[in-house]
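If you read the sequences in order, they're chains D and U.
All residue numbers for the first sequence refer to UniProt numbering, where the first residue is 1 and numbers rise by one.
All residue numbers for the second sequence refer to UniProt numbering, where the first residue is 1 and numbers rise by one.
Don't read these hints as lab results, they were simulated from the structure.
Source: prediction; values computed, not measured.
Don't take every hint at face value.
To be verified - Some chain D residues judged to face chain U by a derived CB distance under 10 Å, without partners named:
{"no.": "1", "residue": "Gly78"}
{"no.": "2", "residue": "Asn453"}
{"no.": "3", "residue": "Thr580"}
{"no.": "4", "residue": "Ser609"}
{"no.": "5", "residue": "Asn612"}
{"no.": "6", "residue": "Arg645"}
{"no.": "7", "residue": "Pro647"}
{"no.": "8", "residue": "Tyr671"}
{"no.": "9", "residue": "Val674"}
{"no.": "10", "residue": "Ala681"}
What the hints assert, rightly or not - Derived lysine-lysine pairs resembling DSS-like cross-links, with alpha carbons at most 30 Å apart:
{"no.": "11", "chain 1": "U", "residue 1": "Lys604", "chain 2": "D", "residue 2": "Lys74"}
{"no.": "12", "chain 1": "U", "residue 1": "Lys438", "chain 2": "U", "residue 2": "Lys379"}
{"no.": "13", "chain 1": "U", "residue 1": "Lys602", "chain 2": "D", "residue 2": "Lys464"}
{"no.": "14", "chain 1": "D", "residue 1": "Lys86", "chain 2": "D", "residue 2": "Lys438"}
{"no.": "15", "chain 1": "U", "residue 1": "Lys602", "chain 2": "D", "residue 2": "Lys130"}
{"no.": "16", "chain 1": "D", "residue 1": "Lys541", "chain 2": "U", "residue 2": "Lys86"}
{"no.": "17", "chain 1": "D", "residue 1": "Lys607", "chain 2": "U", "residue 2": "Lys438"}
{"no.": "18", "chain 1": "D", "residue 1": "Lys361", "chain 2": "U", "residue 2": "Lys438"}
{"no.": "19", "chain 1": "D", "residue 1": "Lys130", "chain 2": "U", "residue 2": "Lys706"}
{"no.": "20", "chain 1": "D", "residue 1": "Lys74", "chain 2": "U", "residue 2": "Lys607"}
{"no.": "21", "chain 1": "D", "residue 1": "Lys361", "chain 2": "U", "residue 2": "Lys361"}
{"no.": "22", "chain 1": "U", "residue 1": "Lys541", "chain 2": "D", "residue 2": "Lys57"}
{"no.": "23", "chain 1": "D", "residue 1": "Lys598", "chain 2": "U", "residue 2": "Lys598"}
{"no.": "24", "chain 1": "D", "residue 1": "Lys607", "chain 2": "U", "residue 2": "Lys74"}
{"no.": "25", "chain 1": "D", "residue 1": "Lys186", "chain 2": "D", "residue 2": "Lys227"}
{"no.": "26", "chain 1": "U", "residue 1": "Lys74", "chain 2": "D", "residue 2": "Lys602"}
{"no.": "27", "chain 1": "U", "residue 1": "Lys733", "chain 2": "D", "residue 2": "Lys490"}
{"no.": "28", "chain 1": "U", "residue 1": "Lys598", "chain 2": "D", "residue 2": "Lys464"}
{"no.": "29", "chain 1": "U", "residue 1": "Lys438", "chain 2": "U", "residue 2": "Lys409"}
{"no.": "30", "chain 1": "D", "residue 1": "Lys541", "chain 2": "U", "residue 2": "Lys57"}
{"no.": "31", "chain 1": "U", "residue 1": "Lys87", "chain 2": "D", "residue 2": "Lys438"}
{"no.": "32", "chain 1": "D", "residue 1": "Lys329", "chain 2": "U", "residue 2": "Lys329"}
{"no.": "33", "chain 1": "U", "residue 1": "Lys388", "chain 2": "U", "residue 2": "Lys721"}
{"no.": "34", "chain 1": "D", "residue 1": "Lys409", "chain 2": "U", "residue 2": "Lys55"}
{"no.": "35", "chain 1": "U", "residue 1": "Lys579", "chain 2": "D", "residue 2": "Lys654"}
{"no.": "36", "chain 1": "D", "residue 1": "Lys607", "chain 2": "U", "residue 2": "Lys87"}
{"no.": "37", "chain 1": "U", "residue 1": "Lys496", "chain 2": "U", "residue 2": "Lys246"}
{"no.": "38", "chain 1": "U", "residue 1": "Lys706", "chain 2": "D", "residue 2": "Lys74"}
{"no.": "39", "chain 1": "U", "residue 1": "Lys74", "chain 2": "D", "residue 2": "Lys706"}
{"no.": "40", "chain 1": "U", "residue 1": "Lys579", "chain 2": "D", "residue 2": "Lys579"}
Quick reminder that beta carbons are idealized off the backbone N, C-alpha and C, glycines included.
Protein chains: 2
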Amino acid sequence: MNRKTYHFFCLLFVFCFHTLIQAQEHPKLILTKQGVEAIRAKLGTVPLFDASLSKIKDEVDAEIATGIHMPIPKDYSGGYTHERHKKNFLILQKSGVLFQILDDEKYAVYVRDVLMSYAEMYPTLPVHPKERSYARGKLFWQCLNDSNWLVYTSQAYDCIYDWLSKKERKKLEKDLFKPFADFISKGNPQFFNRVHNHSTWGNVALGMIALVMDDDQLLNRALYGLKVDNLSEDMKDNDGGFIKTKDQKIGFFGNLDEPFSPDGYYTEGPYYQRYAMYPFLIFGQALHNAKPELKIFEYNDGVLLKSVETLLNLTDADGEFFPINDGQKGMSYYSRELVTAVDIAYHFGGENAQLLSIAEKQDRVVLNDAGLSIAIGIKEGRSEPFLKKTVNLLDGSDGTEGGIGILRKDDMELIFKYAAQGLSHGHYDKLSFSVFEKGDEVLQDYGLARFVNIEQKGGGNYLKENTTWAKQTIAHNTLVQNETSHFQGKYEIGSKNHSVLHFFDTSDENLQLISAKEKNAYPGTEMHRTFALIMDNDYEKPYILDILKISSETNNQYDLPFYFLGQVMEVNFDYEVPKTLGQLGAANGYQHLWLEGKGQPKSKNTKLSWLNNQKFYSITMAANLQDELLFARIGANDPSFNLRRDPALIVRRKDISNTVFVSVIESHGSYSPVSEFAVNASSSVAALQVVLDTVDFTAVEIESEKGNTKLLIVSNVNASKEQKHELEIENNKYNWTGPYYFGQLKK
Amino acid sequence: MNRKTYHFFCLLFVFCFHTLIQAQEHPKLILTKQGVEAIRAKLGTVPLFDASLSKIKDEVDAEIATGIHMPIPKDYSGGYTHERHKKNFLILQKSGVLFQILDDEKYAVYVRDVLMSYAEMYPTLPVHPKERSYARGKLFWQCLNDSNWLVYTSQAYDCIYDWLSKKERKKLEKDLFKPFADFISKGNPQFFNRVHNHSTWGNVALGMIALVMDDDQLLNRALYGLKVDNLSEDMKDNDGGFIKTKDQKIGFFGNLDEPFSPDGYYTEGPYYQRYAMYPFLIFGQALHNAKPELKIFEYNDGVLLKSVETLLNLTDADGEFFPINDGQKGMSYYSRELVTAVDIAYHFGGENAQLLSIAEKQDRVVLNDAGLSIAIGIKEGRSEPFLKKTVNLLDGSDGTEGGIGILRKDDMELIFKYAAQGLSHGHYDKLSFSVFEKGDEVLQDYGLARFVNIEQKGGGNYLKENTTWAKQTIAHNTLVQNETSHFQGKYEIGSKNHSVLHFFDTSDENLQLISAKEKNAYPGTEMHRTFALIMDNDYEKPYILDILKISSETNNQYDLPFYFLGQVMEVNFDYEVPKTLGQLGAANGYQHLWLEGKGQPKSKNTKLSWLNNQKFYSITMAANLQDELLFARIGANDPSFNLRRDPALIVRRKDISNTVFVSVIESHGSYSPVSEFAVNASSSVAALQVVLDTVDFTAVEIESEKGNTKLLIVSNVNASKEQKHELEIENNKYNWTGPYYFGQLKK
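Between the sequences and the hints, there should be enough to build the whole structure, so can you do that?
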């Protein structure tokens, strides 16, 4: 009996015997009777909890004063009816909590009255009139948002459950909750029965209301999915993702098993991990309270709580998530989802004192045991700084589908993506990277082409430029072969492949390396990219060495873009700027780039310096004199001004099969418009060159302006830590053990 | 005997009689014997003073430890030799002060040794090898920077004067200070003998060293200029400004009389006012100490101290100066010049408690009586918030050459420029405006095309795009006729003209108006622009109503650009975007604009909404159905990427003589990428139209989305406050007194 089957029988046992004797008292989901008593006893003594309570009370009181708003659904996100029903469920949940904590009936009355209005309206509603979704809801244009509604209102219902009359409960369950749950599950198997953040919300919505209503059949559906769905295998959702795959996992456990890696990395990327964290963790908490025998927080080595820490490591210095895949920039650990997540992770995960400092920054807590617990921790002065780490987060349910590496040193952060596709929210950008300094983007990942919930911009939904631009390879800091995207930009292919880690070594914090290979993005071509983050006294700050080795069976054109953010200060090559701007290419994202300038190297190194956020940056590249150097700017074929007009420098190498692109990226110096001092405005790299490149080894020399030369040798084939190597370069022998050598050049 | 002649004789009297009996003790410039004693007595008791002292001590100690650096001058600003000699004079001044306050000889030794090195090097120096300046220095590429050097080192010399031997003093004065002073004055009359911030620095440099050396002849030259200069009247400086004009005022008093208006507005604009403030005020302080009989701070109604408050009013919510004319964005009241200015204004100007809050933000004080005084004020808790006002700052030495109006309400700030040319740093942008909200630009003034002191960018000097773009009219939010700049972009014409105030009324803070006319920018055409900043309950925030009335003798093409900053959200008109981008025009700045889109109104109103800094903005314009609506972007013909790629919407009206452009600019709502809520994302203006436009009156209706309609009538000819008016519009009579009517539309 394998683990999963065993698990199933355990649960069956639980159902058969425990449900009968289980306490039927409410609240039982997020709040518990004992929890509420503990909270009431502490009121007025825990500052952050009191402040959070007072803020929510003010918000809810103000909202209740405006009456009940129950418009007939008609809008996309950002529109009035959408935002109104969204507000309703957020306020309902809070009002329920206030009733429990403050014991003031006005909040129960409000929850009841609003829910009763929904019970009147819901049975009369057709499917939502907006037709864009593959799974249209009733209150909202997507079942996804309907599920959000149920996750929150379940909590409100739980809070007033005992206070309501039996008759009221019956009405609500019969006219509202049960048909609502059926509609988003049985009525929309293509939404409910998959592995996707959408389904997670759907599963949890059912699970939450099932726990409140003590409906085991519904709970079973939530946990294990619909038994019958009649879905065909070629169905796709709006984002182009497959609905059903072979051996499809389903239900809450399916969604917990599949997209989370053992490292707690969620395959869609941090923006969606954040979005999914709320249902995962709130339902985790509910199951912990109502079904403690499931030991949900210990499931899969405690992946739920581990994932919170992983997610925090996927933020920049300002707490904003790295915008991998379809991530909207600016989303951060200040979001309501992360407040819940951090509080739960602290309370149920061993009270890690580093989480207290995040909660302090968030400056609010959730109003339940977890929030109380973290607020007490802060009050007692136990907070420690959250130390973000250099991490290599493996992707895939068993950790074998590539990953995301984050190298950190001082204020520099390098994010290297060699992961799996990331489901329907994935971008075609194998071996791409981005660089941050102190929370500011240095080399950017574009993120998504969408203005979430801003109705004027395509109803707040994905814009077509998300497909034609943001997902395309050329929109990222990685290699494009022959102006086509990785996997031809096809989800069918991309979703079956992932890059492979070559090695990851951070044993020396002054010399952190990560190396990975991609063989499937372009059949017949292997890309092998190695990044080193190096602290060297000849340089002001840690610099990045980027070695991208290409081996192909055919001659190709290779484009390697660098999306630097800021204003060009200086280049060391000649280029021409056109009188009129034309598109860089016809398709695969190239149609969105204007060609602003074109040049060629005039020395062995190509250098570009720029200024951003009062800091100077330089990129130095080992040049091939036939390279074309293209200044590009995003914004062509963008009739609605949906894209940002950001620049890039693209290195183009033509008619070549095997080659190595080597670059050094430096942050150096600063400029103050107040003192008008420009400090260390120039690059410290005097020369950069590839001194050896074979199947087995690639060796690169970096000479500093101070005259010292360092050598990095990468072992391209054997990445074993124990392997001994010997190599002669320019009549000097180098001996070392492991996948790389780094040291002074011998002369 | 007029005032100036009287003043001259007073000074002569002072020279003849007082010099003989004057105390020869040093320091006497910025520090005084008594001042130093007072400071020493307070050490350790005034936190901000102590902190400032400690910071400067750390800085100077660190610098002294690196030894003396005396490179042979060769670089432009931003380059090593320039920045090194600049650092030298800043450290020398500080070191001198530390010697006085801490009584530690190490600082005197350092000052002496560095000055002696200069005394060795200076006589050997040729004119600076960089040839770009109209007045090349010796240590620096401009006499301007040489003057900076002398202003600072005079203070250092003063501090160690008594400590030096007579022989040492003799050597320094003979080999360094006297020839240095002669070179920047007699050697460069084209630099020294004019009204310009350059000359102010030159005059003050001579004045400061003259006071230290007790050299009355030199002081006389500083105060009244060179008697003979042999300059011709057609000479120009590098910025295209005239060197000499008829009835040229010269010397320090000339520079004090001429560019400052009675309101304390400095005609070049706040960026240069800030630059000039340091020499003005430091020399003011020196004269106050060394020549108290001059009563310098009472001169011209106390204009020197008044100008500090004026300058503070010329900053946005972040303390940054509005970038009128050649202003570099980001310069602010945190600059060292403003620290000095605020401290002096507080100490010598009646201890205005509002200045304490600025000093608190600056978080440092100068190390002299003034700094001690303000630090004590802060320590004693007397600080009050600095209240920035709605102000109308008149330009011109007698306040009759137009002005700058700043309307403020809540977080909105509107800056209206109807001033004189602003000397050689002026832009050709009569009746232009810009808008700020909470320190963020909403409609921007481009500022200058220069990266001050960043050597990579044209030696840190003005770039050619400053002339071809930043100074041109089309680079500003004002009217361009027939694609030519105001005054044909000619300084000769522009410097002889200014706009004229029509009226300024802020009696009601919810309805602030300013109105001005320009008749000379385009001969035969009169522009009359009125701005109202209106707080109305139908709108979330104060909105701006902009009425630009044009009357011309000929048919013309009119372009009115709005340089909105941010991302387009929505427009209500159709437009086409080109496949390739071409220049909007051939010259006068148009060659720097790409045409990104072209459309026409399809209703009576043209509306554009955009998002910036998480806030929504809209501009609604009363449309003429023949209007061309042009989306433009800066960046064409910019081979070195010197310009920012910022957008504009330009309204073009062709083949018309008289017309009115009417616009409403709103800030509304907000977006949070963390909560993903978009609030109040749409404009509240339902309709906007001109209901009457005659020679005498222009009337505009604004209808809100809530259905209320307001009417503004401007009296175009008679702006008297007492004048009674009667006007019939759509069969309703309006009676009022004064230059405008505002109220509910009668129906």
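Going down the list of hints, with the structure as the test:
1. Gly78: Where the cut-off is 10 Å and the nearest Cβ of chain U is about 5 Å from Gly78 of chain D, the hint holds.
2. Asn453: holds (5 Å)
3. Thr580: Status holds, d = 5 Å.
4. Ser609: holds (7 Å)
5. Asn612: Given a least distance of 12 Å, the restraint on Asn612 of chain D is violated.
6. Arg645: With a closest approach of 5 Å, the Arg645 of chain D hint holds.
7. Pro647: Where the cut-off is 10 Å and the nearest Cβ of chain U is about 8 Å from Pro647 of chain D, the hint holds.
8. Tyr671: holds (6 Å)
9. Val674: Nearest chain U Cβ about 5 Å off; hint holds.
10. Ala681: holds (6 Å)
11. U:Lys604 <-> D:Lys74: holds (29 Å)
12. U:Lys438 <-> U:Lys379: Distance of about 29 Å is within 30 Å: holds.
13. U:Lys602 <-> D:Lys464: holds (25 Å)
14. D:Lys86 <-> D:Lys438: Status violated; Cα separation ~34 Å.
15. U:Lys602 <-> D:Lys130: This hinted pair holds, its Cα atoms lying about 27 Å apart.
16. D:Lys541 <-> U:Lys86: The given pair, whose Cα atoms are some 25 Å apart, holds under the 30 Å limit.
17. D:Lys607 <-> U:Lys438: violated (38 Å)
18. D:Lys361 <-> U:Lys438: holds (23 Å)
19. D:Lys130 <-> U:Lys706: Roughly 27 Å separates the two Cα atoms, so the pair holds.
20. D:Lys74 <-> U:Lys607: Holds, at about 25 Å.
21. D:Lys361 <-> U:Lys361: The hint holds at about 23 Å.
22. U:Lys541 <-> D:Lys57: holds (27 Å)
23. D:Lys598 <-> U:Lys598: holds (27 Å)
24. D:Lys607 <-> U:Lys74: holds (25 Å)
25. D:Lys186 <-> D:Lys227: At roughly 10 Å apart (the allowed maximum being 30 Å), Lys227 of chain D and Lys186 of chain D satisfy the hint.
26. U:Lys74 <-> D:Lys602: holds (27 Å)
27. U:Lys733 <-> D:Lys490: Violated, at roughly 70 Å.
28. U:Lys598 <-> D:Lys464: Distance of about 22 Å is within 30 Å: holds.
29. U:Lys438 <-> U:Lys409: holds (11 Å)
30. D:Lys541 <-> U:Lys57: holds (26 Å)
31. U:Lys87 <-> D:Lys438: holds (28 Å)
32. D:Lys329 <-> U:Lys329: holds (26 Å)
33. U:Lys388 <-> U:Lys721: holds (26 Å)
34. D:Lys409 <-> U:Lys55: holds (28 Å)
35. U:Lys579 <-> D:Lys654: holds (26 Å)
36. D:Lys607 <-> U:Lys87: With Cα atoms ~29 Å apart, Lys607 of chain D and Lys87 of chain U stay inside 30 Å; holds.
37. U:Lys496 <-> U:Lys246: Holds, at roughly 12 Å.
38. U:Lys706 <-> D:Lys74: Answer holds: Lys706 of chain U to Lys74 of chain D is near 22 Å, not above 30 Å.
39. U:Lys74 <-> D:Lys706: holds (22 Å)
40. U:Lys579 <-> D:Lys579: holds (14 Å)
In terms of the numbered hints stated before, the structure departs from hints 5, 14, 17 and 27, listed from lowest to highest.
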